[in-house]
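Chains A and B are the protein sequences, given in the same order. Anchor point for the first sequence: position 178 equals 178 in the working numbering, and the numbering is continuous, going up by one each time. Adding 222 to a residue's 1-based position in the second sequence gives its number in the working numbering.
Calculated from the structure, these hints are not laboratory results. Since the structure is predicted, the reported quantities are computational estimates derived from the model, not experimental observations. Some clues are possibly wrong.
[Said to hold, decoys possible] Cut-off 20 Å, straight-line C-alpha distance, at most; resulting in silico cross-link-like pairs (EDC-like, lysine to aspartate or glutamate):
id : chain 1 : residue 1 : chain 2 : residue 2
1  : B       : K282      : B       : D234
2  : A       : K18       : B       : D425
3  : A       : K18       : A       : E196
4  : B       : K240      : A       : D203
5  : A       : K18       : B       : E429
6  : B       : K261      : B       : E301
7  : A       : K18       : A       : D203
8  : A       : K60       : A       : E79
9  : B       : K240      : B       : E417
10 : B       : K282      : B       : E252
11 : B       : K240      : A       : E207
12 : B       : K240      : B       : D425
[To be verified] Calculated Cβ distances over 12 Å to all of chain B for the following chain A residues:
id : residue
13 : P71
14 : R76
15 : L132
16 : Q135
[Said to hold, decoys possible] Pairwise CB distance ranges (calculated):
id : chain 1 : residue 1 : chain 2 : residue 2 : range
17 : A       : E196      : B       : D277      : 23 to 33 Å
18 : B       : D313      : A       : N170      : 24 to 34 Å
19 : B       : Q357      : A       : Q135      : 26 to 36 Å
20 : B       : E371      : A       : R36       : 27 to 37 Å
21 : B       : D277      : A       : N82       : 38 to 48 Å
Ideal Cβ positions, reconstructed from N, Cα and C, are used throughout, including at glycine.
Listed below, chain by chain, are the residues.
Number of protein chains: 2
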Amino acid sequence: MPPPKQKTETPDPLDVPKAVVNRLSLYLRELRHLLRAGKTTISSSELGSLLGFTDAQVRKDLAYFGHFGHPGIGYRCEELINAIRSILGTDQEWTVAMVGIGNLGRALLGYRGFVDQGFQVVAAFDSNPEKLNGQIEEVPVYHIGRLTEVVRQHNIRLGLICVPAATAQNVADRLVEAGVAGIVNFAPVTLSLPEEISSVSVDLSTELEQLSFFVANREQPR
Amino acid sequence: MPPPKQKTETPDPLDVPKAVVNRLSLYLRELRHLLRAGKTTISSSELGSLLGFTDAQVRKDLAYFGHFGHPGIGYRCEELINAIRSILGTDQEWTVAMVGIGNLGRALLGYRGFVDQGFQVVAAFDSNPEKLNGQIEEVPVYHIGRLTEVVRQHNIRLGLICVPAATAQNVADRLVEAGVAGIVNFAPVTLSLPEEISSVSVDLSTELEQLSFFVANREQPR
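The following block holds chain A by itself, in its conformation from the complex (with noise of 0.2 Å):
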């Protein structure tokens, strides 16, 4: 017979460190390379171990939204998987709008892990849409003009944006209009966004940045 649940009171999520909602994910990608290798429960230990963190830090982060693991057995994997899961909302499906279809807007749309997580691009746009014949991985491409009224007639819920510089305050500002709830920001420039619009952002130069200090300042100890 299972334990029995104790229902406590969890705090608003929105209070969550961005931190702990971090780590979530990375116990959700561990977890389930876990499953996939045949193993069916985990302590708090043993999941800490894989990604460098505590059994103290494992326990804690997953106490903000409940009670997961079980006496003598740890989590079970599967069941702590669909938890978090839900607590992510990658349990619901996400309707996505590309807008710039470059390089890096092309490389996104062939990227698996989109759709594994329950994100469909169900439209892309682009100043220049007759240069891909209308569609690309079988996603619609529009031209960028049609923006609000194709949002709107979908129903999407999250932008990705993958325009120049330049040009990204403006997109945004249409996806806003056009009534999305969240972007993800793939140009290189920080986007001033209404409070209830969620956003992350996603900049390699800075990702490589980060890298190339501590590299050089490890290389050149002072």
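Got chain A; can you put chain B on it based on the hints?
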């Protein structure tokens, strides 16, 4: 006459919090936009407000590395750009090896931002280099079996891992053995690396999960 520069004791750069180094990248990006737009000086409060930080935050971050402001003037954009580039190590050339030429690898090779920041991909590796006719975007493509030899020959300092999760650790081990000092990991897996190797990870699924968490929890107020 410029005010005299005060030399103060700066901490070991490796003790500087990662969040500070990350914000340096954002300051740099913003300063470049400003300089391109013709602005030659800026105050800490102006710079901060463009990025959503306070002026105190800007001053505190920069103070880790020295004194950069001029009384009555603020920061000189070009001077601060050069200082931050030197701190981040992007004033030097970085030779890069890219391993895995799938969709993402191709997009990254076509990404101008790398070259603009001093990152030069000098060799690419794939298990099937023939399909690429030996080069892509003017970068020579070698069979993965030649990784150690080529990395050593060209004294390559950074490795970009764009292979699937299942082979990423193996590729990382080979890069380390060949002598790289830093790794950018695009594979959705946590790598186990020697302590002296610096690394950054970019996992697009993780970024999307962060976004879906915040959107999902805004849309379902608890």
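To see whether the hints hold, each was checked on the structure:
1. K282/B <-> D234/B: 16 Å, holds
2. K18/A <-> D425/B: Status holds; Cα separation ~16 Å.
3. K18/A <-> E196/A: 16 Å, holds
4. K240/B <-> D203/A: Given pair K240/B, D203/A holds - Cα atoms ~16 Å apart, limit 20 Å.
5. K18/A <-> E429/B: It holds: about 11 Å lies between the C-alpha atoms, which stays within 20 Å.
6. K261/B <-> E301/B: Holds, at roughly 12 Å.
7. K18/A <-> D203/A: Given pair K18/A, D203/A holds - Cα atoms ~18 Å apart, limit 20 Å.
8. K60/A <-> E79/A: OK: K60/A and E79/A at ~18 Å, within 20 Å.
9. K240/B <-> E417/B: Given that 20 Å is the threshold and the Cα spacing comes to 16 Å, the pair holds.
10. K282/B <-> E252/B: 17 Å, holds
11. K240/B <-> E207/A: Cα-Cα ~11 Å, so holds.
12. K240/B <-> D425/B: Distance ~18 Å between K240/B and D425/B Cα, so the pair holds.
13. P71: 28 Å, holds
14. R76: Holds, since 21 Å exceeds 12 Å.
15. L132: 15 Å, holds
16. Q135: Holds, since 17 Å exceeds 12 Å.
17. E196/A <-> D277/B: 23 to 33 Å: 26 Å, holds
18. D313/B <-> N170/A: 24 to 34 Å: 32 Å, holds
19. Q357/B <-> Q135/A: 26 to 36 Å: Holds, at about 30 Å.
20. E371/B <-> R36/A: 27 to 37 Å: About 33 Å separates the Cβ atoms of E371/B and R36/A, which means 27 to 37 Å holds.
21. D277/B <-> N82/A: 38 to 48 Å: Holds, since D277/B and N82/A (Cβ atoms, about 46 Å apart) stay within the stated range.
In summary, this structure violates none of the numbered hints.
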